[in-house]
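Asks: Given the coordinates of chain R, assemble chain B onto it according to the supplied hints.
Protein sequences, first through last, are from chains R and B.
Anchor point for the first sequence: position 78 equals 78 in UniProt numbering, and the numbering is continuous, going up by one each time.
Anchor point for the second sequence: position 41 equals 41 in UniProt numbering, and the numbering is continuous, going up by one each time.
The set of hints was computed from the structure by calculation and includes no laboratory data.
Cβ atoms here follow ideal geometry from the backbone N, Cα and C, with glycine treated the same way.
Incorrect hints may have been included.
Stated by the list, open to error - Listed next, the stretches of chain R that the computed footprint assigns to chain B, with coverage defined by at least 3 CB atoms under 8 Å from CB atoms of chain B: (1) 35-48; (2) 56-67; (3) 206-218.
What the hints assert, rightly or not - Computed list of chain R residues with no C-beta within reach of chain B, every gap over 12 Å: (4) Lys27; (5) Ile29; (6) Leu155; (7) Lys197.
Stated by the list, open to error - So these bits of chain R aren't anywhere near chain B, every CB distance computed over 10 Å: (8) Val12; (9) Asp130; (10) Thr152.
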Amino acid sequence: MADCLKDKVGSVLLPGDIFSFESKEEKVICGPGLRRNGDEILVCKSGILRHKQPNMYWIDSQQKRYVPAKGESVIGIVTVKSGDVFKVDVGGSELASLSYLAFEGATKRNRPNVQVGDLVYAQFLIANKDMEPELVCMDSCGRANGMGVFGTGGLLFRVSLGLVRRLLAPQSELVKELDRAFPFEMVVGLNGRVWVKAQSTQHMLILASLLETCENMTAPQRQALFRKVAHSAP
Amino acid sequence: MEVDGLCSLALREFGCEQNLLSRPDGSASFVQGDSSVLAGVYGPAEVKISKEIYDRATMEVVIQPKVGLPGVRERAREQCVRETCEAALLSSLHPRSSLSLVLQVVHDDGSLLSCCLNAACMALMDAGLPMGCLFCGVTCAIDPEGRLITDPTARQEQNSRAVMTFAIDSAQHRVMMSSTKGSFSLDELQQCIAVSQRASEKIFHFYRESVRRRYSKTL
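Excised from the complex, chain R in its bound form (with noise of 0.2 Å):
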């Protein structure tokens, strides 16, 4: 079983393939696009198949609909204000809700300053089919680490999710070309919504366009174009 999933690591792979098991003993972990029916292994979405040891396995899809995962940080917008809780956009299914007292030092008289409108960096803390999804700007430990509501300034703009992910995996080929460019903040939701910040905007609509474009080139295209727009940038 182990072996058959593995011959296929790296390959294409479509909903409807099913892998078989052939003995009880392997533990094979599914990841997302895969899932266990009985004692067969089900793809259920189109892309490429990924391994990481010892048995983890799934799916690399270029998708462009987010769908909520417990942990995840995601960049939301807060569309609505009621009581004690914000409804977040997020670009799932349903709207999050995020409590004012989930931000670092907030207590009961000492409210965060939140607008309508505002964009948050967060986390969920709750993220399942059947319920309302839950956000929070702090860990587990009660410290921001990052999270909470934007400053003034910078551009938010949707890529696909397979982007984000290859933007977010460590040493990333892409921000070190990017960064060769031309300086500028960045920070990137797993829900698609990429935020920069340069010195102008003439930079942060450039940064927005290559990283686009970037999405179905090869390594070398790329650099290319990259290249160019580092000398021809001003």
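Replies: Frame of chain R, contents of chain B only:
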């Protein structure tokens, strides 16, 4: 069932492009000969309270004709496509959400329902919605002499005695949906199903090649 060598298993040239629209969550265009359909999928998105289903996603299909307003014929096709999609999708994984599929007919030159089904499947796959299996549509026509034509053009459909469209699943190559017009014998129906099942293998092979080409740059 044995298929005799006389009937031709010739499908017209087909082509497909995924992720060609920027606004929908998944999109695809499917071309079969001169028939062409453009599909866009939105979802899982927020659902109207009146249409909410507590244990699965609400599927909605809209077919836009090339000219004019959608009528009864489009409604009938919508229902065929919707029921096929519902059977293939694992919609219990996204309860209380809506999945909407919009199919725009770009050109109709016969086998339109099968073209819609194929475009729908590619768009659902592009949107990354969880599916238990894939599906494809195959149209067969029986001409007055009793010969079988797969993937007929509009002219061939007009001259034929019966036209049948089947949706076939990729797991066991079984019939998921059938839509028939005209008169035919039981034997002819069996033969058409067998031919469609054989043709579906070709289409599924094409799906795989098409998706592989899409991901080739990120391999």
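Asks: If any of the earlier hints don't hold here, list their numbers in rising order.
Replies: 8 and 9
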